[in-house]
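Residue numbers (the numbering used here), protein chains in the order written: chain X, 549 to 1051; chain C, 549 to 1051.
Don't take every hint at face value.
Given that identical chains are not distinguished, each listed pair holds provided it fits within a single copy or across any two copies.
[To be verified] List of simulated lysine-lysine pairs, DSSO-like, C-alpha gap at most 30 Å:
#1 LYS651 <-> LYS563
#2 LYS1035 <-> LYS563
#3 LYS647 <-> LYS563
#4 LYS563 <-> LYS685
#5 LYS744 <-> LYS940
#6 LYS722 <-> LYS1035
#7 LYS940 <-> LYS651
#8 LYS1004 <-> LYS1035
#9 LYS1035 <-> LYS1010
It is worth saying that the hints were derived from the structure and are not from the lab.
Spelled out, the chains give:
Protein chains: 2
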Amino acid sequence: MEPQQAYSELVRRYKERSTMDSIGSVLAWDERTYMPLGGSAHRAEQMALVARLGHDMLTAPIMGELLQAVENSPLVKDPQSDAGVNVREIRRVHDRAVKMPPKLVEELARTTTRAQQVWQEARKADDFEAFRPWLAKIVDLKRQEAQAVGDQEAPYDALLDEYEPGATTREITKVFADLRADLVPLVAAITASGKKPRPGILERDYPVARQEVFGQAAASAIGFDFSAGRLDVTAHPFCTGIGPGDCRLTTRYHPQHFNQGFFGILHEAGHGIYDQGLDRQHYGTPLGSAVSLGIHESQSRLWENQVGRSRPFWEHFFPRARQVFHAALAGVSLDDFLFAINDVEPSFIRVEADEATYNMHIILRFELEQALINEDLAAADVPAAWNEKFRKSFQLTPPNFALGCLQDIHWSMGGIGYFPTYTLGNLYAAQLMDRARQDLGDLDGDFRRGDFSRLKTWLNEKIHRQGQRFRPRDLCQRVCGQPLSHKPLLAYLRQKYALLYGI
Amino acid sequence: MEPQQAYSELVRRYKERSTMDSIGSVLAWDERTYMPLGGSAHRAEQMALVARLGHDMLTAPIMGELLQAVENSPLVKDPQSDAGVNVREIRRVHDRAVKMPPKLVEELARTTTRAQQVWQEARKADDFEAFRPWLAKIVDLKRQEAQAVGDQEAPYDALLDEYEPGATTREITKVFADLRADLVPLVAAITASGKKPRPGILERDYPVARQEVFGQAAASAIGFDFSAGRLDVTAHPFCTGIGPGDCRLTTRYHPQHFNQGFFGILHEAGHGIYDQGLDRQHYGTPLGSAVSLGIHESQSRLWENQVGRSRPFWEHFFPRARQVFHAALAGVSLDDFLFAINDVEPSFIRVEADEATYNMHIILRFELEQALINEDLAAADVPAAWNEKFRKSFQLTPPNFALGCLQDIHWSMGGIGYFPTYTLGNLYAAQLMDRARQDLGDLDGDFRRGDFSRLKTWLNEKIHRQGQRFRPRDLCQRVCGQPLSHKPLLAYLRQKYALLYGI
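Looking at chain X on its own, in the form it has when it is part of the complex (with noise of 0.2 Å):
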C-alpha cells in the first residue's frame, strides 16, 4: 500500500476508535452522575463491550500492517511533522494493547464498573470489608497488565506510562523527595508561626443554587464554553471531554463549605478549558488529544491555585461574591476571605487540602500504590499502612475509612499509577505559570479587571493545540526552557505564605 494511502486508513480506523471511546466517556459521565443504581449491573456489560470494540479496533492486524507500511516511508521522516507525531504515538498505544490480552481488558472494564459502585457504598458505610476484595481483585489485574506491558524498569512504571508518557517511578521518586525535603520545613514554619486564618468565614450558608450560578459564572470567565459543554453534579468531581462541541464538568456542593464547590469547578474547568482548546481538525488523533495526565493537571491546578486563590483574582471577584452570598460574606474583608481560603492545615481528605501539604497526600499514595504492585502490601493491609505512614507526615490518625483509604475513587476505577500525576500537575502549573508572567507581562493587572483570555490563549497555543506533539517532558521543556522541577512550586508557595504567615 501507498504510505499516503495507508496514513489515511491508519488515521480513519484510529478516529474511530476514538469514537467508541467517546461512547464510553458518555456512558462513566451518566454512571456517575444520573444512572439509577439499578442500571449498575448492566451499565458494566455495556462498558466491557466498548472496551474490547475498543481494544479490538486498536489492535486490529491491519493496525500494525498500517503502521509499518507508514514507518519505513518518508512521510514520517519529520519526528515532529503531524504524521510522524501521529504514527509515534498510534504506535505506542497500540503496542501497549497488543501486549495486554483481550480478557484483561474486559475484565478491567467489567470489575472497575462494579467496583466503583461497591466503593460508592463501602464509603459511605465506613466499611473497608465491602470494598476489600475489590481492590485486592484489581490491584491483581493491574499487575497482570504491568507484567504483560513489561519491559519498564519497574512493574509500576509500566502503569505510570499509561498517564503520564514517558515518565519513570525513578525521576518521580527524585523529584518528589525534593519537593518534600523542602514542603515539611515549610508547613512547620507555618505552623510555628502561631498565625491562623478565620476559617470559619468558608463554613457559614453558601446556598447550592447560589453556589452553582457563581461558580458557573467563574468558569465562563476563565474561558470555559458552556455551549459546548456543561456541569453536573457528582460524588466524587471529574471532567470529561466526550467530543469536539462536547465537554462535561462536574462538582459537588457543600451547603456550609464554600471551597468544595466553587474551587471544585474552577480546577474541573481548568481540565475543561484543555479539552476545549485541542484542535478540532485532529479531532480523534494524537494531534488532537491531551498528552498527559500530568500536563492536564497542571491546567487546572493553574486556574484553581496560581489564578484562583490569587488575590488579584479576588480583587475582582470577591465583590461579586459579597453580593451573591451577602448573608455569609457582610463584613468579611478581603484579606480575611484570602487569608481563608489558603489555609495551611495538615488534614484528612486529599481533595480539600491546601496546596501545601496537598503534595504530602500524592506521596504517601504513590508509595502505597508501588507497594501494592510490588507484592509488598496485600489489599487487606492497606488500611493500617496508610494509618501509620499518614501518622508519619500528618501527625495526624484517620478516624475512619471515609477519611483515610476509602476516600479516593481512583482505586476502584484501576487508576493505580494515577496519582503522582497530580503533583507533577502542581509542578507543572508553576513552571508555567513563571513562564506566562515572563512572556505576558502584567497579569496580575489582567486578573484585577476580571480578563483571563491572555492567559487562556497563551496556553491555547503554548499548550492545547500542541496535542502529543511532544512528550510531557520535552513540552516542558520547550515552553518553559527547562525540566520539570520542584523549585517554581516552592518559590510560588514560600512567596504566597510568607505574605500570609509572615514567615
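Please build the complex by placing chain C on the supplied structure of chain X, with the hints as guidance.
For chain C alone, kept in the frame of chain X given last:
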C-alpha cells in the same frame, strides 16, 4: 454444529447486539436531555458508529448460519417454546436487517441525529423551510428502506412492520375508518351539548418543582420503580428502557398548566412499567423484549387515560393535589377538576389533545405518511396538505408551523410508520382494561384506595412477561378473547362523556 450449541451461540450474539443497541439508547437519552448543543455533530458520529456495529452484529453471516442450524431442529418444533419464539423473532429482524444496505443504515442514523437538532431549532423559529430539506431526505431514505425490505402489500407496510410486527396498512385503514365513523358524531354531540368545563382551573400557577414531586409520587404509586429508573426534562417526552434496572422517563412541565407535566409522567410511567416488567432472565432476547409499539402504547394510555383520568383515581389523588397545589385548587371541586381534565375540544397539538379527538390527529398523520411514501406528496407540500386535512377534521387552521406540521419529533427521527401505533395503543388499552375488569372485579375500589398493584400485576403477567411470545394481533386475541376492534374504545368514551356532557 449441534442445534443446542448453535442456539446458545445465536442467543449470545443477539444479546451482545442488544447491549450495543442499549448503548445507543443512552446516547439518545443524553442527546435529548443533557447534551450541550455544541455536541450535536459528534453525537451523530457516535450514533452512526453504534448503528453500524449493531447492524453488523445482526447481519453477520454467522447469524444466518446459526439460524439455519437451529431452524431445522426439534428445538423449535413448538413455535411458542422459548427457543421457538427467539428463533422466529431473531429470524424476522435478521432478515429485515440483511435486506438493508449498510450505507443506508448509517446514513439514516447520521441524518436523523442531525435532523432532530434542526427540527428543534426550526420549531422554535417556526421555520418549516429550514426543516424541509431534512424531511425530504428522510422520506427518500425511508422510501429506500421500504423498497429494500420489500415484499409487503404496500410500501408503507414495510415501515409499519418495524413498529407493529404483522400489522398491515389495509387492516389499520379499516379499523381507523370504523373508529372515525363513530368518533365524528360523538365529538359533534359533545360540541352540540353546549356544556363546557372550566379549563381555567388547570391554567393557574402549578410550580414546576411541585409538579415534579407530585408526578413522581403518582408514577411511584402506580408501580414505577425509581430505584431502577429516573425522570428528567426534555422537549418531546419519551421513555427509554436502557436495560435491566435502568429505565428513564422524561417529561416537560408548563408552570401554568397542570396537564402537560402530570399526564405526561403517567403516560411515560406506563411505558416504564412495561419495560420494568419484562423478564430480566431473557433480557436482550425477543422473549425479554416488548412486543410492539402498539402494545407498548396501550400500557401508557391505559395508565394515563383509562386509570389516570378516571373518577376513582382522583378520588384518591385529588385531596393530595389540593394540598400540593393549594393556591391553584383551593375551592375547586372534584367534579370540576374531573370535567376539566376530560375536556373535549378540537385543538392543534396532538400531545395535548383529549382522548376523543386525539385519534383524528393520528389518522391525519397516517394518511400524510402514506402519501409521502407513495410519492403522492412532496415534502414542500406538507404544510398545505396538513392544513387542508386539519381544516376538514377539526374546522381549524393552524396559525403557524409549530402548531401544525412541525409539532412532532417523529419525522426528524425517521419514525415514519410510528404514528398509527398511538391509536392502536388506545384501542388495545380499552380492550385490555375491559378484560382486566372482568378478570379482577372491582378495580375502582382499588383505585379509590390508591392501590394499583392488582392491575399492575395482571399486566405484568398477561403482557409484560410474555415478551414477544405472541405477535400483537395474537396477544390481543389470547388475553382479551377478541381481535383488535374499535368498539371497546368507543364504548368507554361514550360512557365517560355521557356522564360529563349529559349526552
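Go through the numbered hints given earlier and state which of them the structure violates, listing their numbers in rising order. Violated hints (numbers, rising): 2 and 7; every other hint is consistent with the structure.
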